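S.K.: Input sequences plus hints: build the corresponding full structure.
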Amino acid sequence: MSTEYPVAQGQAQAEAAAPSDVLDATTLAELREIAARYPEPRSGLLPMLHLVQSAQGRITPEGIEACAEVLGISAAEVNGVATFYTMYKRRPVGDYHVGVCTNTLCAVMGGDLIFERLKEHLEVGNDETTEDGSITLEHIECNAACDYAPVMMVNWEFMDNQTPESAVQVVDDLRAGKPVHSTRGPRLCTWREAERVLAGFPDDRADEGPTAGPASLAGLRIAREKGWTAPASTLASSGEETDRD
Amino acid sequence: MTDALTPVLTDNWDAERAWTLAAYEERGGYAALDKAFAMAPDDVIDAVKESGLRGRGGAGFPTGMKWGFIPQDNPRPKYLVVNADESEPGTCKDIPLMMASPHTLVEGVILSAYAIRANTAFIYVRGEVLHVIRRLQRAVQEAYLAGHLGTDIHGSGYHLDLIVHAGAGAYICGEETALLEGLEGRRGQPRLRPPFPAVAGLYASPTVINNVESIASVPSIIANGPAWFAGMGTEKSKGFGIFSLSGHVRNPGQYEAPLGITLRELIDLAGGIREGHELKFWTPGGSSTPLLTPEHLDVPLDFESVGAAGSMLGTRALQLFDETTCVVRAVLRWTEFYKHESCGKCTPCREGTWWLTQTLARLEKGQGTEADLDLLLDQCDNILGRSFCALGDGATSPISSSIKHFRDEYLAHLTNGGCPFDPVASTAFAPAGASA
Ligand SMILES: Cc1cc2nc3c(=O)[nH]c(=O)nc-3n(C[C@H](O)[C@H](O)[C@H](O)COP(=O)(O)O)c2cc1C
Ligand code: SF4
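Protein sequence lines correspond, in order, to chains A and B.
Our numbering applies: residue 33 is where the first sequence begins, and numbers increase by one.
Our numbering applies: residue 1055 is where the second sequence begins, and numbers increase by one.
Be aware that a few hints might be false.
[As the list claims (entries may be wrong)] Incomplete in silico selection of chain A near chain B, CB under 8 Å: (1) V113; (2) T243; (3) L252; (4) I254.
[Unchecked claim] So, partial list: chain A residues that the calculated Cβ filter (under 8 Å) puts toward chain B: (5) L60; (6) P79; (7) A181; (8) T195; (9) V200; (10) G241; (11) W260.
Bear in mind the hints are in silico, worked out from the structure with no lab data behind them.
Values in this document were obtained by computation on a predicted structure and should not be read as measured data.
Note that the Cβ used here is the ideal one computed from N, Cα and C, for glycine as well.
M.R.: Here it is in structure tokens:
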């Protein structure tokens, strides 16, 4: 068997897999590239699975085989990892993954109502995708943005301080193909594009968006107003012992 | 007298494009490298020991001491791993830090790796924060191009590679040995200790794992001196930390202050509890730290005092809930979180969190009996101290502390035949003056 498309060929022979299920040569090369970043190749598995999702829209059997092949481990081992982590999806994900935080703080601040409203509006349940394939809705756990509660994530970008109305607006705009920006980041890309960045292939958009959102600056603003600072350094520039006050 | 707020890590967050190398260097960034390279690595460890810095990831272990445990006579490579998994409910300080000033972390990584003599370092960042990952990737790339990373850094002969590694959604991967499993491409299940990571961590080699904020504090210690750092904070909890206020407070956000500030002072700075309401309960350091009440407003927020008050300083994740919030609903939701995130490795946690959820859900619906409260406490007893890792222990914190402080509210669900609270009243978009 040729070494270039081992998985794709095997699959094609066995099941006549649809062309979209076959990993192309570029993706296979990139999987190897990820593994080569690490002192031990298996460390690349998490980013490699992100790349599979980027290329195929979900974790496919072909993607699992490819990772196993590249790392020289069994497909069962890869599968065990893929099923452990919640960001890996077995079913196709829409263009936009919408996650509503319903952990306690966000739930209390309105996340539960936002999630209910979106389920109704999109006519989907948890972890389901709209019929047009545009939106996958999921309730998520704490995403480290509690000072912006209630929080929604779209393709893992922050949508801070949401209301049921603003959340509906966001998904409507996304479905209408209008540009939507993260409240603390760039214009939203697709879920598959986002997964590629997570695989360690940057998309050159780091410079978009602000340095920090308003809540991140709450304490600093007060310190500036009052002239509060950390004490001065205790090291004299001469390196001599300084007098402390 | 030290000022009430002491911006160090947050000090450049209002700067234009603070995330760029140019902005960071303009403020003296990366200058601490030359200072450190002029010192022996052991002297850098000593400086961090002297500063009194304790881990900012929750447990408060002395950072310099941890570094000192690395067996330098071990011939295997040494590794530094930054824990940027930030997933403990309520915790939201590392993410804005890496978004606003990733170079602070990168500079800290270089200093820390130099101290422990590691030539490879990793930042394990949770996958669910795309833009933060972009900024980290860019910062690392810029640092390589500027000669702060790679071979012969600043002509010192020291070389370091830094890899940004995105996780894939698992709270348990914040636990340091589960994190190592994740970083080795496996299911994130904690490892048996000993051996401790300092002896056999990543790839069975000596490894230091530190929280983002711990590592990001190192450049300021090297630049300003250990005495400067130790001059802030309290006797055994030195220095500053980022306090994250969320929930029913007028101005939620990040407040960087010396350890030992009180919640009363912080709420004052944050403009008070939201209009017309009063504080009911709060977590000092995430959902795994037992709930406190207004009675504890004057507890100094340092490791010792919060411990003496029956909780833990944890990650300084101050989640504040006012009287519109049902404590049973809050606790049930946290418990569902622990059940969902239990890695399944050990029985007390895997089965126990399932049982806790069942019992709590019944109570929340107003079904069950008062005896279920004792059942809950009994279930907690079977998990606390018997679980393989601290996730299981943490799962019991909200339950036992809420029963201790709010037993009557549980009973009210039974007499009321369900939850007596209106869930709309607690929301951020509730009409002003709404009450439970
Ligand atoms: C379930 C669980 C989750 C944790 N999550 C994190 C986390 O997200 N970030 C973190 O720094 N430490 C976390 N920790 C603590 C780490 O195990 C470890 O103590 C810490 O990273 C050490 O760094 P430090 O000494 O700098 O605080 C977690 C611990 C447990 C048990
Ligand atoms: S306590 Fe829970 S999370 Fe920790 S090892 Fe046991 S099952 Fe896994």
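S.K.: Going through the earlier hints one by one, which of them does the structure break, listed in rising order?
M.R.: 5, 9
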